[in-house]
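Kindly generate the complete structure, drawing on both the sequences and the hints.
Protein chains in written order, with the working numbering: chain A, 1 to 238; chain B, 1001 to 1238.
Simulated from the structure, these hints should not be mistaken for lab results. Careful: at least some of the hints might be erroneous.
Claimed, not checked - Here's a subset of chain B near chain A, in silico, CB distances under 7 Å, partners left out:
hint	residue
1	Ala1027
2	Ile1029
3	Ala1034
4	Met1110
5	Ala1168
6	Ser1172
7	Arg1176
8	Ala1177
What the hints assert, rightly or not - Derived, one-sided and incomplete: chain B residues facing chain A with beta-carbon distance under 7 Å:
hint	residue
9	Leu1021
10	Ser1023
11	Arg1024
Stated by the list, open to error - Each pair of labels, with its calculated beta carbon distance range:
hint	chain 1	residue 1	chain 2	residue 2	range
12	B	Cys1123	A	Val162	20 to 26 Å
13	A	Gln65	B	Cys1123	40 to 46 Å
14	A	Glu180	B	Pro1033	30 to 36 Å
15	B	Ile1096	A	Ala43	22 to 28 Å
16	A	Val62	B	Val1045	22 to 28 Å
17	A	Val62	B	Asn1039	31 to 37 Å
18	A	His134	B	Val1065	49 to 55 Å
19	A	Val162	B	Leu1230	48 to 54 Å
20	A	His134	B	Glu1028	19 to 25 Å
21	A	Pro207	B	Ile1096	27 to 33 Å
22	B	Leu1230	A	Val208	26 to 32 Å
23	A	Asp42	B	Leu1230	38 to 44 Å
24	A	Val208	B	Gly1122	17 to 23 Å
Quick caveat, the model's predicted, so the values are computed rather than measured. Every residue, glycine too, gets a C-beta built ideally from N, C-alpha and C.
One letter stands for each residue in the lines below.
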Amino acid sequence: MTEVVVSTTLPKSTDTVLSCSLVAAGAYFVDSSRTSLSAPMDAQAQLLSVLMERYAKGDDDVFEQVYGLMAPQLYRFCRRLATRTSEADDCFQETFLKLHRARATYISGANALHWTFAIARSVYLTRLRYCRRHPEEVGAANDVAEQDSALPADNVSPETEVLAEHMLDVMAGELRRMSEKNRSAYVLLKEERLSAKEAATVLGTTPVVVKQRAHRAYEQLRAALSAAGWREHGNEAT
Amino acid sequence: METKPPSDLPQFENIGPPATLRSRVRAEIARTPAPTISNARARMVAALATVPVLTAAIVLIASEVVYGHAAMGLVVAAQSTSRLLSVSILITALVIVSTVVALWRGSNGMGAGVVLLTLVAGCIAPIYAAIVLPSPLHEAQAQILVDISPWGTRCFAIAALVSTIALASFASALHRAVPVAGRIRGAALGAAAGAWAGLALFAFCPSGDQPHLLVGHVMPIVVFTLIGTLALSRALRP
Chain A
1 MTEVVVSTTL
11 PKSTDTVLSC
21 SLVAAGAYFV
31 DSSRTSLSAP
41 MDAQAQLLSV
51 LMERYAKGDD
61 DVFEQVYGLM
71 APQLYRFCRR
81 LATRTSEADD
91 CFQETFLKLH
101 RARATYISGA
111 NALHWTFAIA
121 RSVYLTRLRY
131 CRRHPEEVGA
141 ANDVAEQDSA
151 LPADNVSPET
161 EVLAEHMLDV
171 MAGELRRMSE
181 KNRSAYVLLK
191 EERLSAKEAA
201 TVLGTTPVVV
211 KQRAHRAYEQ
221 LRAALSAAGW
231 REHGNEAT
Chain B
1001 METKPPSDLP
1011 QFENIGPPAT
1021 LRSRVRAEIA
1031 RTPAPTISNA
1041 RARMVAALAT
1051 VPVLTAAIVL
1061 IASEVVYGHA
1071 AMGLVVAAQS
1081 TSRLLSVSIL
1091 ITALVIVSTV
1101 VALWRGSNGM
1111 GAGVVLLTLV
1121 AGCIAPIYAA
1131 IVLPSPLHEA
1141 QAQILVDISP
1151 WGTRCFAIAA
1161 LVSTIALASF
1171 ASALHRAVPV
1181 AGRIRGAALG
1191 AAAGAWAGLA
1201 LFAFCPSGDQ
1211 PHLLVGHVMP
1221 IVVFTLIGTL
1231 ALSRALRP
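This is the structure:
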């Protein structure tokens, strides 16, 4: 079924255009070399660690800086973890509140962002358990996929732009459908770019298990994207 | 198993948290008092000081009340002094290792790894049983010298008291401190609390009767490991 959809939906020539369009529509392709990003990330992590240490000692003035450094990545993580924007907002807010309450337990020199990721996941799991005990009807109006706004594209056709947005919808939908364990492993490893060891620490498991979960999630996403007409970048033979 | 590099799947645009969320977070935090870093250290020090002192006090008082002699288990009819010494060292080592692993926060603030915690949670009771059950330290004749409760009910009660104090102290030390692996960490803390009870009973009880040792000495470790698993998870998460 996958091959039929691929061959009938996308001609070979659309690969490059689709890639550009995905970028334009709010997606980007991750650079496979970690080294290019590791240096500034480390500096930021160190700065955050120093600020968090001051915050843990009771210096409330540094909260704005802590928030400024932490919020973008934490919010992105919450949005991938939660299935709805409102839920992600609540998770984000509650995570900061718990971070504030638990600041006295921050270990000096620890990676504050990873620690906060772990708190965010704990918050999300608590909410998930609550929702399972108190099920309610959820509308699709606030789905994450619908909130991923597209940037204007100058050099792509409306068709490919629509197709690119469709791919993001497929991605978001598939992320929602997969298990929380696979989703969080995939997001930490593939989107937040943590190493398997770091992700294992955040998730409270072993690196091997994290790799397995992320791999399952990756295969699930790839299958869904392929079924929707997406082909791997650079794979001209398909 | 290696997962493929993330270069071939589209990823979502980075969307920062909205300004309204920032003001909500700030307002919530302004309303919420939070302790500073010194409180957390004080709690840990207090826990590490309280447990040995109270355990020793309980053993001495209970032994004086029940048998009319302090630390009767170390006095009455041990088969040999060298064996008494070796068993003492083994049980003390078990207590120290389990306590350190269960309470360790690590350099990243997320505590010991799940493998280590699982080993502590799963192995403390069997190791303790292997030390005390196959060849009991005290001679069977010791039982005619003192009034030992049948089936170890009195020992179970003393073990429950010591374990409860230890578990409460440990939970207080790690209160809201570790966001990951709450259940298995709770189990390890329960096992460590049970190990303290095992040490207390080793000093308190001169019984060489295997059913008594199984019910009164080993069973509390298993019970408190289960209690830690079920009861502590929420208290440990921020």
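Q: Mind listing which of the numbered hints don't hold for this structure, in increasing order?
A: 1, 5, 6, 10, 12, 15, 17
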